[in-house]
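Participant: Heads up: the sequence shown begins at 31 in the working numbering, then just goes up one per residue.
Hints were generated in silico from the structure; no laboratory data involved. These numbers were taken from a predicted model, which means no experiment stands behind them. A couple of the hints might just be wrong.
Claimed, not checked - Straight-line Cα separation of at most 20 Å, SDA-like style, residue types lysine to any residue; simulated pairs: (1) 119 to 187; (2) 250 to 55; (3) 156 to 55; (4) 242 to 232; (5) 156 to 324; (6) 187 to 168; (7) 242 to 118; (8) 250 to 72; (9) 156 to 322; (10) 242 to 114; (11) 119 to 197; (12) 242 to 231; (13) 59 to 236; (14) 214 to 92.
As the list claims (entries may be wrong) - Computed Cβ-Cβ distance ranges for the label pairs, DEER-style: (15) 312 to 88: 44 to 52 Å; (16) 75 to 96: 26 to 34 Å; (17) 244 to 326: 41 to 49 Å; (18) 239 to 145: 28 to 36 Å; (19) 88 to 300: 28 to 36 Å; (20) 91 to 245: 31 to 39 Å.
Ideal placement from N, C-alpha and C gives every residue a C-beta, glycine not left out.
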Amino acid sequence: MAITGLISIIFGGMILGLQSSTNGRLSQKVGALEASLINFVVGAILLTFWLLFTRSGEILRIFTVPKWQLLGVFFGTGYLVLMTLAVPKIGVVAANITAIAGQIMASFIIDNFGFLGSNVIAFGVKRWMATILLILALVALYQDQKPSSEMDKPKTKNPFFYLVALVSGSFLSIEGTMYGELGKTIGQFESSFYNFFIGSLLLVVLVLLFGKGDFTGIRKSSNWYLIGGLYGVIYLTSLVFGIPALGVGIAMIAIVLGQIVMSMLIETFGWFETPRQPLTFAKILTLIFLLIALTLIY
Numbered sequence: 031m032a033i034t035g036l037i038s039i040i041f042g043g044m045i046l047g048l049q050s051s052t053n054g055r056l057s058q059k060v061g062a063l064e065a066s067l068i069n070f071v072v073g074a075i076l077l078t079f080w081l082l083f084t085r086s087g088e089i090l091r092i093f094t095v096p097k098w099q100l101l102g103v104f105f106g107t108g109y110l111v112l113m114t115l116a117v118p119k120i121g122v123v124a125a126n127i128t129a130i131a132g133q134i135m136a137s138f139i140i141d142n143f144g145f146l147g148s149n150v151i152a153f154g155v156k157r158w159m160a161t162i163l164l165i166l167a168l169v170a171l172y173q174d175q176k177p178s179s180e181m182d183k184p185k186t187k188n189p190f191f192y193l194v195a196l197v198s199g200s201f202l203s204i205e206g207t208m209y210g211e212l213g214k215t216i217g218q219f220e221s222s223f224y225n226f227f228i229g230s231l232l233l234v235v236l237v238l239l240f241g242k243g244d245f246t247g248i249r250k251s252s253n254w255y256l257i258g259g260l261y262g263v264i265y266l267t268s269l270v271f272g273i274p275a276l277g278v279g280i281a282m283i284a285i286v287l288g289q290i291v292m293s294m295l296i297e298t299f300g301w302f303e304t305p306r307q308p309l310t311f312a313k314i315l316t317l318i319f320l321l322i323a324l325t326l327i328y
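Using the sequences and the hints, build the whole thing.
Facilitator: Pasting the structure below:
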């Protein structure tokens, strides 16, 4: 079960890396919040058909679960909003790496204290060693990244926006933990459906209030960029399956490992109109540090 959960989460991380790339391209055509709304609506539609045909799980038990388990959608949507604020100020690279740091920090805290119904996993020597390796990995990755567009370049050194990106990353760990607990009661796919359905409603409100994009840009987008919702379904469902079996700390490192592997593949081969970048020693070193860190705490 644990090995299966680990493999599913690494795969989910790769899919998240794929979604980040396609969603980034789509957001350039229609706007950041608008692209997120498209992803959530597509995900909700796909899961609706899945649940209608499989009739698995117990979606109606959602009314009986502890109310805090239903708040994960606000953290997922909060991540999107905060990253939308941070990226234009500190650049894509800095925002993503800072968010990853937030993910991992929050996941270790959740494990150590058993927050949100998770099992207590003490922060011992191996986790300290893993933390040092993770810091080295993120530093190596940051130093290696070269700005490839105007959005990649930082506009300010104001630490507030780095804090915003750090908090946004922590939201992903909190969201995953909540949905892991919710999935135990109502079913894994039902938990994902709840996220995408309620998330779609929240994003409609956000787009109406703050949206600056234009949905007509969809006509100029590749069809591959419009199925980010499918990638999101796979990613979130992998978390719902994997976190209860592994703990959120291992899950977040596995997610980051999968993300970085996929981003390297996309950059190396130039997929999705991404400028090609060589596979450097720093990138390989980043993967080695992440693998050792994952092995230490597995």
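Participant: Work down the list of hints and note, for each, if the structure agrees.
Facilitator: Going through the hints against the structure:
1. At roughly 8 Å between alpha-carbon atoms, residue 119 and residue 187 fall within 20 Å of each other, so this suggested pair holds.
2. Proximity of residue 250 to residue 55 is assessed by CA-CA distance (about 11 Å); at most 20 Å being required, the pair is judged to hold.
3. Taking the CA atoms of residue 156 and residue 55, the gap is near 39 Å; set against the 20 Å cutoff, the hint is violated.
4. Restraint check for residue 242 and residue 232: satisfied, since their Cα atoms lie roughly 16 Å apart, inside the 20 Å limit.
5. For the proposed pair residue 156 and residue 324, the alpha carbon gap of about 10 Å is at most 20 Å, so the pair holds.
6. For the given pair, residue 187 sits about 19 Å from residue 168 by alpha-carbon distance, which is consistent with the 20 Å threshold.
7. For the given pair, residue 242 sits about 14 Å from residue 118 by alpha-carbon distance, which is consistent with the 20 Å threshold.
8. Under the criterion of a C-alpha separation no larger than 20 Å, the hint pairing residue 250 with residue 72 is consistent with the structure, at around 18 Å.
9. Between the alpha carbons of residue 156 and residue 322 the distance comes to roughly 11 Å, so the proposed pair stays at or under 20 Å and holds.
10. Of the pairs offered as hints, the one joining residue 242 and residue 114 holds, with about 12 Å between alpha carbons and a cut-off of 20 Å not exceeded.
11. For the hint linking residue 119 to residue 197, the alpha-carbon distance of about 15 Å falls within 20 Å, and the restraint holds.
12. Restraint check: the Cα-Cα separation between residue 242 and residue 231 comes to about 18 Å, which is no more than 20 Å; the hinted pair holds.
13. In summary, the hint linking residue 59 to residue 236 is supported, as the alpha carbons are separated by about 18 Å, within the 20 Å threshold.
14. A hinted pair counts as satisfied when its Cα atoms are at most 20 Å apart, and residue 214 with residue 92 qualifies at roughly 11 Å.
15. As the Cβ distance of residue 312 to residue 88 is approximately 48 Å, the hint placing it in 44 to 52 Å holds.
16. Judged by the Cβ atoms, the range 26 to 34 Å given for residue 75 and residue 96 holds: they are separated by roughly 28 Å.
17. For residue 244 paired with residue 326, a C-beta distance near 48 Å keeps the hint of 41 to 49 Å intact.
18. At roughly 31 Å, the beta carbons of residue 239 and residue 145 sit within the given window of 28 to 36 Å.
19. Separation of residue 88 from residue 300 is about 45 Å and departs from the stated range, judged on CB atoms against 28 to 36 Å.
20. Between residue 91 and residue 245 the beta carbon distance is about 36 Å. The supplied range of 31 to 39 Å therefore holds.
Hint violations for this structure: numbers 3, 19, all remaining hints satisfied.
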